[in-house]
Amino acid sequence: MGTNEFFKIFRGLFTTKTIQNPKKHPSDDNEKHWEDELLSPNLAENISLIKRIFKDCSDVVYREFNVGMEQKISGVLIWMDGLADKTTLNSNIMKSLIDETRFISPNGNHINSRSFSLIRDSLLSVADIKEQDKLNDIVQSVLTGESMLLIDGVAMSLIVSTKSWESRDVSEPVTEGVVRGPRQGFTENVRTGTSLLRRIIKTPQLKMEPFKVGTLTQTDLVVAYIEGLASEKVVEEVRRRINRINIDAVIESGYIEELIEDQPFSLFPQIEHTERPDKAAAQLLEGRVVILTDGTPFALI
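The sequence shown: position 30 = 29 (numbering that gives the first Met the number 0), numbered continuously.
Don't read these hints as lab results, they were simulated from the structure.
Do not rely on the hints blindly, as some may be mistaken.
To be verified - DSS-like, lysine-lysine: derived pairs with alpha carbons at most 30 angstroms apart:
(1) Lys133 to Lys94
(2) Lys232 to Lys206
(3) Lys201 to Lys85
(4) Lys232 to Lys162
(5) Lys201 to Lys232
(6) Lys94 to Lys129
(7) Lys71 to Lys129
Said to hold, decoys possible - Here are the in silico distance ranges between beta carbons for each label pair:
(8) Asn41 to Asp168: 41 to 51 angstroms
(9) Ser112 to Glu171: 50 to 60 angstroms
(10) Gln217 to Gly286: 27 to 37 angstroms
(11) Gly176 to Asp35: 49 to 59 angstroms
(12) Arg179 to Ser57: 43 to 53 angstroms
(13) Arg51 to Asp127: 49 to 59 angstroms
This structure is a prediction, so every number in the text was calculated from the model and none was measured.
All C-beta atoms in this analysis are idealised placements derived from N, C-alpha and C, irrespective of residue type, glycine included.
Construct the complete structure from the given sequences, taking the supplied hints into account.
What follows is the structure, encoded as structure tokens:
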């Protein structure tokens, strides 16, 4: 067997198959492409469209209500059960919507838009609220644990921050035990990872750039680097390689590693990984770039 034949067989053993996009149902071509749609002022149309998008999704909750002194203004709060915090929903949102909105006077024109503004500015006691009218962005927000508030007669929604999910506590990493040093390790929550790095490196020069990868999983990525220490060419190259990724799912940081490294078939590692925030912080201080991936405690360096 010649050398060329040997390498062909060797490469064939490690060739990864491209994940194919799921086949569309025949009826999908007949339906309007909802990702490009905007909200309608008609509440019933919006609810019908959202229920069609979330068809057979039993964990989507719709809570319809009426506001105003005469209870003539209709609204709906939509969230994903298991991802949204029920304490926030009950105490900070629904209680205010049911009780406080009874004082909204029915006099005057544009009562619906005035009710929407009053709810946004004065009634919802939550930290993060934003307006959104693009249906695709609204659906993605609900899928990540945020809640959607719609008022009849207003072609705009309020996206209310209610994210909450089970996560394990910060503990010592099993794969990288040390005799001396911090006993903390990254968790599967990417925001926990960024906060651990912020606790060590307390400077606004530490940048955290967000990305989403995976057409189906929409996995959150954060590219961390220290401005002024990291080479701008390296940072730009990391951005470029992440943006060119076209894959259905990213479950673990190993997916990203294989897709951005120079030689995927090399026997030698080209990208380092760690579970330790102190190690990642030390690498950042040396001018390297760290990639945090939601769903895994392993950061790429």
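Here is how each hint holds up against the structure:
1. Lys133 to Lys94: This hinted pair holds, its Cα atoms lying about 27 angstroms apart.
2. Lys232 to Lys206: Holds. Lysine 232 to lysine 206 sits at ~15 angstroms (cutoff 30 angstroms).
3. Lys201 to Lys85: It is violated: about 33 angstroms lies between the C-alpha atoms, which goes past 30 angstroms.
4. Lys232 to Lys162: 35 angstroms, violated
5. Lys201 to Lys232: 24 angstroms, holds
6. Lys94 to Lys129: 20 angstroms, holds
7. Lys71 to Lys129: The given pair, whose Cα atoms are some 25 angstroms apart, holds under the 30 angstroms limit.
8. Asn41 to Asp168: 41 to 51 angstroms: 46 angstroms, holds
9. Ser112 to Glu171: 50 to 60 angstroms: 54 angstroms, holds
10. Gln217 to Gly286: 27 to 37 angstroms: 30 angstroms, holds
11. Gly176 to Asp35: 49 to 59 angstroms: Holds, at about 51 angstroms.
12. Arg179 to Ser57: 43 to 53 angstroms: For serine 57 against arginine 179, whose Cβ atoms are near 51 angstroms apart, the range 43 to 53 angstroms holds.
13. Arg51 to Asp127: 49 to 59 angstroms: 28 angstroms, violated
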